[in-house]
Amino acid sequence: MKNQFKDNPQLLPLLCKIDKLIELSERKGKRFNFMEICGTHTVSILKHGFRSYFKDKIKFISGPGCPVCVTSQKDMDRVIALAKSGVKIATFGDLIKVPGSHSSLEEQQALGKQIDVVYSPLDCLKIAENADEEVVFIAVGFETTIPVIASLVLDAERMNIKNLSILAIIKTIPNALKFLLANLETEIDGFICPGHVSVIIGEQPYNIIPEKYGIPCAIAGFDPVDIALGIESLITQIKDKNPIVANRYKRMVKLDGNPAARNLINEVFEEDDVDWRGFGKVPASGLKLRKRFAKFDADKKFDIKVETTSEPKGCICGEIIAGKKLPAECQLFAKKCTPDSPVGPCMVSFEGSCAAFYKYGE
Amino acid sequence: MCLAVPYKIISTDDTKAIADVFGVRKEIDIRVIENVNVDDYVLVHAGFAIQKMSQKEAKITLKLLREVSEKSI
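From first to last, the protein sequence lines stand for chains X and L. For the first sequence, the residue numbers in the working numbering are 145 to 506. For the second sequence, the residue numbers in the working numbering are 35 to 107.
Among the hints, erroneous ones may be present.
[What the hints assert, rightly or not] Below, simulated DMTMM-like cross-link-like pairs (lysine to aspartate or glutamate); rule was C-alpha separation at most 20 Å, straight line:
1) L:LYS50 / X:ASP299
2) X:LYS306 / X:ASP443
3) X:LYS270 / L:ASP47
4) X:LYS218 / X:ASP441
5) X:LYS398 / L:GLU91
6) L:LYS97 / X:ASP367
7) X:LYS503 / L:GLU101
8) L:LYS42 / L:GLU91
9) X:LYS394 / L:GLU68
10) L:LYS93 / X:ASP367
11) X:LYS503 / X:ASP484
12) L:LYS50 / X:ASP267
13) L:LYS86 / X:GLU347
14) L:LYS86 / X:ASP367
15) X:LYS270 / L:GLU61
16) X:LYS270 / L:ASP48
17) L:LYS90 / X:ASP367
18) L:LYS86 / X:ASP400
19) X:LYS228 / X:ASP447
20) L:LYS50 / X:GLU301
21) X:LYS306 / X:ASP267
22) L:LYS60 / X:ASP267
23) X:LYS191 / L:GLU101
24) X:LYS172 / X:GLU376
25) L:LYS50 / X:GLU273
26) X:LYS398 / L:GLU68
27) X:LYS394 / L:GLU91
[Unchecked claim] Covered stretches of chain L (chain X as the covering partner; in silico rule of three or more C-beta atoms under 8 Å from a C-beta of chain X):
28) 36-49
29) 65-72
30) 77-83
31) 86-96
[Claimed, not checked] Label-pair distances were calculated between CB atoms; the ranges are:
32) L:LYS93 / X:GLY424: 40 to 48 Å
33) L:LYS60 / X:GLU455: 36 to 44 Å
34) X:GLU451 / L:ARG59: 44 to 52 Å
Rather than coming from a laboratory, the hints here were simulated on the basis of the structure. Bear in mind that the values here come from a model prediction, so they are computed numbers and not experimental data. Glycine residues also receive a C-beta, built at the ideal position from the N, C-alpha and C atoms.
Just chain X, same shape as in the assembly (with noise of 0.2 Å):
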């Protein structure tokens, strides 16, 4: 793995450089706990070999940054309940083995329900318009995904399709990242903040970390010279005591972000307080569905029935998304637990911490 850096031009000076600010911001030994929100970054950061190089002077801490993953064990239910209820599901292929209470989506499929995998969103329109049943498109994700649904859910009232729907599990970061330094005690220096969330939100929704919090904050993007520079910003503002939104993924990330997307958001959606997993109910960390779009909301539509629920048992991912603990921890982590039977939802995603720590070997 480290053989890329040597093969980067550019990585190898801005590692010395590293390395020179860590001696400079006297630790004395002790590690910078550095957050990754996002699941890219997570496999990023390992695959290319940071954690090991830093292995003495910065703990790599796997934060809420998988949709997939933080999807509460209750909502996953609700997916599973919808699905056994017979209507056609169309969903992210992350979600499919995704294990609930009792099931999984996998298994509904392997009875004969309905369940089909969507690239886009926007896929589902042509679905519904060619299906006689009701479609129910599982709306999971962060801003990246959220216009998508909002032009999906416009261009289905604009179609006026009668038999499409969305279950919204959609959640937002900022105030997700507040609660965390509010209520759970993680020890945190540094967030690295998510490339593509910002793309959309922009620099200004994280300010009140550092402002209230005194934690700095690097937006990076996902090649390793970019996560390299965030870890740079991290480390210059804390050896000059001075915490800010640094934006290193500028060619990106603007300021504002990109507000024809937001304005796409707002019309469709309004902040309300939803499940973590990992975390528990958090204010205004999601979205649901406004009144005037009322007929497309699957809650409203279908009466979803959830017998009882329960987490998997040994199963630590609520303590791994809230970053107290490492996949390694986890009793069933490449025993019980590995991609191809996951026990819990960070082994399922691509990104998810499990699934990273156990391709990428830690």
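Fit chain L to the given chain X structure using the hints.
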């Protein structure tokens, strides 16, 4: 899941465009991007363009994606 891929615009039609990635053409939605022209690059997530990007940036990102996909085979 927030993975996004650079696409090159081949043609546009109001809020839709035909765009190319790795030689494969797909219909994408461009409703939140201003002034999209043929040969522009856009960053696409789930069939939906979320930002314009330079050709240079698109090439760097595509190279990274190719590395990832080759290694995961």
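Now for the hints, and whether the structure bears them out:
Annotation: proposed proximity of LYS50 (chain L) to ASP299 (chain X) holds, straight-line Cα distance about 13 Å (limit 20 Å). Taken as a hint, the LYS306 (chain X) and ASP443 (chain X) pair is honoured in the structure, with Cα atoms around 15 Å apart against an allowance of 20 Å. Among the hinted pairs, LYS270 (chain X) with ASP47 (chain L) is consistent with the structure: their alpha-carbon atoms are about 19 Å apart, no more than 20 Å. Proximity of LYS218 (chain X) to ASP441 (chain X) is assessed by CA-CA distance (about 18 Å); at most 20 Å being required, the pair is judged to hold.
About 15 Å separates the Cα atoms of LYS398 (chain X) and GLU91 (chain L), which keeps this hinted pair within 20 Å; it holds. The suggested pairing of LYS97 (chain L) with ASP367 (chain X) holds, with an alpha-carbon distance near 10 Å, which does not exceed 20 Å. For the proposed pair LYS503 (chain X) and GLU101 (chain L), the alpha carbon gap of about 16 Å is at most 20 Å, so the pair holds. This hinted pair checks out: LYS42 (chain L) and GLU91 (chain L) have alpha carbons roughly 12 Å apart, not beyond 20 Å.
For the hint pairing LYS394 (chain X) with GLU68 (chain L), the CA-to-CA distance comes to about 18 Å; that is within 20 Å, so the pair holds. For a cut-off of 20 Å, the pair hint linking LYS93 (chain L) to ASP367 (chain X) stands: about 12 Å separates their Cα positions. Between LYS503 (chain X) and ASP484 (chain X) the CA atoms are separated by roughly 12 Å; this keeps the pair inside 20 Å, and the hint holds. Note on LYS50 (chain L) and ASP267 (chain X): the hinted pairing holds, with a Cα-Cα distance of about 13 Å set against a maximum of 20 Å.
Simply put, LYS86 (chain L) and GLU347 (chain X) have alpha-carbon atoms about 17 Å apart, close enough for the 20 Å limit, and the pair holds. About 18 Å separates the Cα atoms of LYS86 (chain L) and ASP367 (chain X), which keeps this hinted pair within 20 Å; it holds. Proposed proximity of LYS270 (chain X) and GLU61 (chain L) is supported: the alpha carbons are some 13 Å apart, at most 20 Å. Taking the CA atoms of LYS270 (chain X) and ASP48 (chain L), the gap is near 19 Å; set against the 20 Å cutoff, the hint holds.
At roughly 14 Å between alpha-carbon atoms, LYS90 (chain L) and ASP367 (chain X) fall within 20 Å of each other, so this suggested pair holds. Distance restraint check for LYS86 (chain L) and ASP400 (chain X): the Cα-Cα separation of roughly 14 Å lies within the 20 Å cut-off, and the hinted pair is therefore satisfied. Between LYS228 (chain X) and ASP447 (chain X) the alpha-carbon distance is near 12 Å, which keeps this suggested pair within the 20 Å criterion. Note on LYS50 (chain L) and GLU301 (chain X): the hinted pairing holds, with a Cα-Cα distance of about 18 Å set against a maximum of 20 Å.
As the CA atoms of LYS306 (chain X) and ASP267 (chain X) are separated by approximately 16 Å, the hinted pair is consistent with the 20 Å bound. A hinted pair counts as satisfied when its Cα atoms are at most 20 Å apart, and LYS60 (chain L) with ASP267 (chain X) qualifies at roughly 12 Å. Taking the CA atoms of LYS191 (chain X) and GLU101 (chain L), the gap is near 11 Å; set against the 20 Å cutoff, the hint holds. Our distance criterion of 20 Å between C-alpha atoms is met by LYS172 (chain X) and GLU376 (chain X), whose separation comes to about 18 Å.
For the given pair, LYS50 (chain L) sits about 19 Å from GLU273 (chain X) by alpha-carbon distance, which is consistent with the 20 Å threshold. With a C-alpha separation of about 14 Å, the suggested pair LYS398 (chain X) and GLU68 (chain L) falls inside the 20 Å cut-off, and the hint holds. The straight-line distance between the Cα atoms of LYS394 (chain X) and GLU91 (chain L) is roughly 11 Å, inside the 20 Å bound, and the hint therefore holds. A count of 3 residues in the region 36-49 of chain L with a Cβ less than 8 Å from any Cβ of chain X is obtained; the coverage claim is therefore met, three being the minimum.
Under a criterion of three residues with beta carbons nearer than 8 Å to beta carbons of chain X, the stated coverage of the region 65-72 of chain L is upheld, 4 such residues being counted. Restraint check on the region 77-83 of chain L versus chain X: 5 residues with Cβ-Cβ distances below 8 Å, three needed, restraint holds. With 5 residues carrying a beta carbon less than 8 Å from a beta carbon of chain X, the region 86-96 of chain L meets the three-residue requirement, and the given coverage holds. For the pair LYS93 (chain L) and GLY424 (chain X), the supplied restraint of 40 to 48 Å holds, since their beta-carbon distance comes to about 44 Å.
Distance hint for LYS60 (chain L) and GLU455 (chain X): a CB-CB separation of about 39 Å, consistent with the stated range 36 to 44 Å. Taking the beta carbon of each, GLU451 (chain X) and ARG59 (chain L) are about 45 Å apart, inside 44 to 52 Å as hinted.
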